[in-house]
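K.L.:
Here's the letter readout for the chains.
Number of protein chains: 2
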Amino acid sequence: MTDSAPLIRITDPADARIAEFTAIRERDLAGRGDRFIAEGRVVLNALLDTPAHDRFILEKLFVLENRLEGLQPVLARLPADVPVYTAERSVMDAAAGFAMHRGILALGRHRPAASLGSFLGNMPAQALLVVGIGLSNHDNMGAIFRNAGVFGADGLLIDSTSCAPLYRKAIRVSVGAALRVPFWRGGDASLLMRALVEHNFVPVGLSPHAGQDISRLRPAARTALVLGSEGAGLPGDLLAGVLNVRIAQAPGMDSLNVATASGIALWQVAQAMNRLS
Amino acid sequence: MTDSAPLIRITDPADARIAEFTAIRERDLAGRGDRFIAEGRVVLNALLDTPAHDRFILEKLFVLENRLEGLQPVLARLPADVPVYTAERSVMDAAAGFAMHRGILALGRHRPAASLGSFLGNMPAQALLVVGIGLSNHDNMGAIFRNAGVFGADGLLIDSTSCAPLYRKAIRVSVGAALRVPFWRGGDASLLMRALVEHNFVPVGLSPHAGQDISRLRPAARTALVLGSEGAGLPGDLLAGVLNVRIAQAPGMDSLNVATASGIALWQVAQAMNRLS
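The listed protein sequences derive, respectively, from chains A and B. Numbering-wise, the working numbering comes out as the position in the first sequence, counting from 1, plus 65. Numbering-wise, the working numbering comes out as the position in the second sequence, counting from 1, plus 65.
Please note that a few of the clues may not be correct.
Restraint ranges, calculated between C-beta atoms of paired labels, are given here [to be verified]:
id	chain 1	residue 1	chain 2	residue 2	range
1	B	H274	A	A190	25 to 35 Å
2	B	G162	A	R281	44 to 54 Å
3	B	L72	A	A81	23 to 33 Å
4	A	G296	B	R283	34 to 44 Å
5	B	G135	A	A141	51 to 61 Å
6	B	N131	A	G296	16 to 26 Å
7	B	P138	A	G162	36 to 46 Å
8	A	G251	B	P316	25 to 35 Å
9	B	P138	A	D253	32 to 42 Å
10	A	G296	B	A79	34 to 44 Å
11	A	N131	B	A190	54 to 64 Å
12	A	H274	B	A79	44 to 54 Å
It is worth saying that the hints were derived from the structure and are not from the lab. Note that this is a predicted model, so its numbers are computed, not measured. Quick reminder that beta carbons are idealized off the backbone N, C-alpha and C, glycines included.
The shape of chain A in the complex, shown without the other chains (with noise of 0.2 Å):
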C-alpha cells in the first residue's frame, strides 16, 4: 500500500506486536507514561505534521484492512521505519476491546519540553498561553486545546493535578490540537506563576467573582489566561495574587462550563491582541 512504511497483517488479537492497542479502553484510563494513543485520520494527520513532528514520536499504526485504499496518501507520509499493522475488523475489534468504528489507531510518544524554564523561555516576545489547574476532565481538556488551537495560543501549562491531555479521549475531542498547541504539564499552581511571572507573563485568572469584566481587559504582550477546575474554580490564593477577570453573565444564572469560557475568553484575549482575522 505505501511506498517506505513495511505492512504486517496480524490475524490473532493476541499477536505481541500489536500489544499497546489492547483492551485500550480500560488502559488508556490508567496512562502509561509519555506513550499514548490517537485514533483516526485527522488525528493520525495531526501527529505527521511538524512542529507536532518534533516534540512526538510515531512508533506504529493499526489500520482496519477496509481503510488502507483510503489512507494511502496519509501512509505516504509516514517514516520508513514505522510498522503499519493491519486486520480485518473482527481482529481488531477483538484487540481493542470494542467495535473501533475508525479503524486508525497510533501508537505515539510525547517528547516533552526539558523543563519548564525552556518551553516557556521558547515562546515568542508577544505570547498567549492558556493555564489550566485542577482540569480533571478528558473531555473539557480536549476542548481547551481544540480552542487553544483555534484562536491560536502558543502553548499551554497544566498542572500535575490535571488530567494528561493525551487520553486517547481527549486528543479526539481537541480534534488533534492536543498534538498541535504545544504543552507542558507537572508542577503545582504556585509553581506556574512563578514560572510565567519570571519571564514576563501577565498571569489572568478567570473567575466569576472578579471585579473586571474580561471585555475590559488590556493584555500584555506576554498573557497567560489561568483557567481552574469546574466545581471549585481556581484556589483563593492563587486568585489573590493575579489579576481576576469574570465572563458576564445572565444575572442569578449556572457557572459557565470551563470549555466553553476559555473558548470565550480565548477569541476576547486574542482579539485584543491583534492575533485573529
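On the provided structure of chain A, position chain B as indicated by the hints.
P.N.:
Okay, now just chain B, sitting in the frame of chain A:
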C-alpha cells in the same frame, strides 16, 4: 422520608413499576415520544422549579436507598402524587443496566408548546433565541442549552433533523438547562426561518465564511442566532437568506466546536443587548 410522596421499596429489578428505568442506556438512544429520563439532584431540582413545572410533568422517581436521607430537601418538594421507588444498589444497577453513580432517576413527560406560533408569540418584545439546524450530537445539544441558560436566552428552536434535547445525556450535559430554557422542536429550516421573520425576529446565521464579524453586530430587539451542524454548517440557501456573521479565528485554523461557538455568540450578542451583568 417525606410527608407527601409515597415511598415504595423495590427488590426485583424486573418490577413492572420501574419498567421505564430498565436498560435505560439502550432505550434512551431510541427516544420515547414526550417521555424522558433525567438523572441526578441538580437536574431533579431543575425539573421541580417553575417555570419547568408548567412544561414538564414529573411522573415517578427511582432513588438509591442510601441517597434518600440526603435527598430529603428535594423529596419534600415533590407533588403528593409522584411515587418514589427506592432500592439498594444491586437492584438499581441491575434494573438500569449499568452502575448508576448518581442514584437518582426521574421519569418526566414534556408538554410541548401547542404550536411554533404560540411559542414565538409568547416571547418578550426584547428576545434572544438560539436556533439549531441539524445538530445531531447530544453533548453539543446539552452544551448549547447550558450556554443558553448562562447567557439568559429566552428559548431555542430546534429543527426536526436535530437530536432531541431531552435525551438523558443532553439533559446531564446541560446541567438541567434543557429543563429550564423553553424550546420548540419540529419542522425544517425554512419553516423556522419563516416563522421567525413573521414574529419580527432577525435571524443571524453563524458561518466561518461570513464577511461581518459578530463583534460588530448591532442586534435587533428580537434576535435569533442560527447554528448549523459541526461538519456541514448551515445550508447555503439558509445563509443566503439571512444576515451572516463570523467568529474571528487565528489564520488557517480548524473550525470551532458548535457549542463553543454558541457560547461566544450568545455572550457577545447578549452583551450587545445589555442583558448581562
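K.L.:
Does each hint hold? Answer for all of them.
P.N.:
Status of each hint after checking the structure:
Range check, H274(B) to A190(A): about 33 Å between beta-carbon atoms, so the 25 to 35 Å window is met. About 51 Å separates the C-beta atoms of G162(B) and R281(A), a value consistent with the hinted range of 44 to 54 Å. Range check, L72(B) to A81(A): Cβ separation about 56 Å, and the 23 to 33 Å hint is violated. Here the CB-CB span from G296(A) to R283(B) is close to 37 Å, well matched to the stated 34 to 44 Å.
Our hint of 51 to 61 Å for G135(B) and A141(A) holds, since their Cβ atoms are close to 59 Å apart. At roughly 22 Å, the beta carbons of N131(B) and G296(A) sit within the given window of 16 to 26 Å. The hint said 36 to 46 Å for the Cβ distance between P138(B) and G162(A), and at roughly 42 Å that hint holds. For G251(A) and P316(B), the Cβ-Cβ distance of about 31 Å falls inside the hinted range of 25 to 35 Å, so the restraint holds.
A hinted range of 32 to 42 Å for the beta carbons of P138(B) and D253(A) is consistent with their spacing of about 37 Å. The supplied range of 34 to 44 Å is met by G296(A) and A79(B), whose beta-carbon atoms lie about 37 Å from each other. Distance hint check: the CB atoms of N131(A) and A190(B) are about 58 Å apart, consistent with the given range 54 to 64 Å. Between H274(A) and A79(B) the C-beta distance comes to about 50 Å, which sits within the given range of 44 to 54 Å.
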